Amino acid sequence: MVCVKKDILGKTGRNIPSYLDYSLHIKKESMFNTPPVFPVYATLLTLQHLENNGGIAAAEIRNEAKAKLLYGEIDSNPMFETFCKEEDRSLMNVSFKLTDESKKEEFDNAWKAAGINGLNGHRSLGGYRASLYNALPIESVQVLVEVMNSIK
Numbered sequence: 009m010v011c012v013k014k015d016i017l018g019k020t021g022r023n024i025p026s027y028l029d030y031s032l033h034i035k036k037e038s039m040f041n042t043p044p045v046f047p048v049y050a051t052l053l054t055l056q057h058l059e060n061n062g063g064i065a066a067a068e069i070r071n072e073a074k075a076k077l078l079y080g081e082i083d084s085n086p087m088f089e090t091f092c093k094e095e096d097r098s099l100m101n102v103s104f105k106l107t108d109e110s111k112k113e114e115f116d117n118a119w120k121a122a123g124i125n126g127l128n129g130h131r132s133l134g135g136y137r138a139s140l141y142n143a144l145p146i147e148s149v150q151v152l153v154e155v156m157n158s159i160k
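If you count the sequence shown from 1, you need to add 8 to reach this note's numbering.
These aren't lab readings, by the way, just hints derived from the structure by calculation.
Certain hints may be false.
Said to hold, decoys possible - The calculated lysine-lysine pairs, modelled on DSSO-like cross-linking and capped at a C-alpha distance of 30 Å, are:
#1 K105 <-> K93
#2 K105 <-> K120
#3 K160 <-> K112
#4 K111 <-> K160
#5 K19 <-> K36
#6 K35 <-> K14
#7 K111 <-> K76
#8 K76 <-> K120
#9 K93 <-> K160
#10 K160 <-> K105
#11 K19 <-> K35
#12 K13 <-> K36
#13 K35 <-> K13
#14 K36 <-> K14
#15 K120 <-> K93
#16 K105 <-> K76
#17 K93 <-> K76
#18 K76 <-> K36
#19 K76 <-> K112
#20 K111 <-> K93
#21 K93 <-> K112
#22 K160 <-> K76
Stated by the list, open to error - Pair ranges (Cβ atoms, derived):
#23 L58 <-> D15: 27 to 33 Å
#24 E94 <-> D29: 45 to 51 Å
#25 T107 <-> L53: 37 to 43 Å
Nothing here was measured: the structure is a model prediction, and the numbers come from that model.
For every residue, glycine included, the Cβ atom is placed at its ideal position computed from N, Cα and C.
Turn these sequences into a full structure, and let the hints steer you where they fit.
Okay, here's the thing in structure tokens:
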């Protein structure tokens with residue numbers, strides 16, 4: 009979706025590719041070229057999901073709860089630590105590591121046995137990275153926390 013002021017259309021002052029000239033899209037009633045149907049449909053589904061689940065404000069509350077749960081376990085469990093300061097923590101991607109590397113095989117086996125996928129660490133940090141994206145339910149984070157709590 010593009011929002012543009014009509015009074016700036018056609019005033020690029022330079023030669024640009026036609027697909028970037030929004031005045032052509034308007035003249036052709038948004039059908040200057042074939043629209044990318046799947047991304048448009050995926051966007052529709054995502055926006056409907058957000059709307060049906062309380063909107064962006066509710067998604068923010070859910071995401072904060074997921075991050076609080078996971079960071080709470082990392083902070084209270086001496087087997088784990090984060091890579092960053094508390095004020096720099098992400099709500100979406102939680103990177104952490106074991107404090108005792110001899111527990112790596114046990115932890116890896118435990119999270120895989122619990123059905124968790126994609127917990128492998130960031131390519132430059134190593135350790136582990138849990139992605140807490142909007143679509144991930146808090147129950148999935150609870151499973152990870154239970155697995156982490158079992159590592160002693």
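Subject >> Hints breached by this structure >> reply: 18
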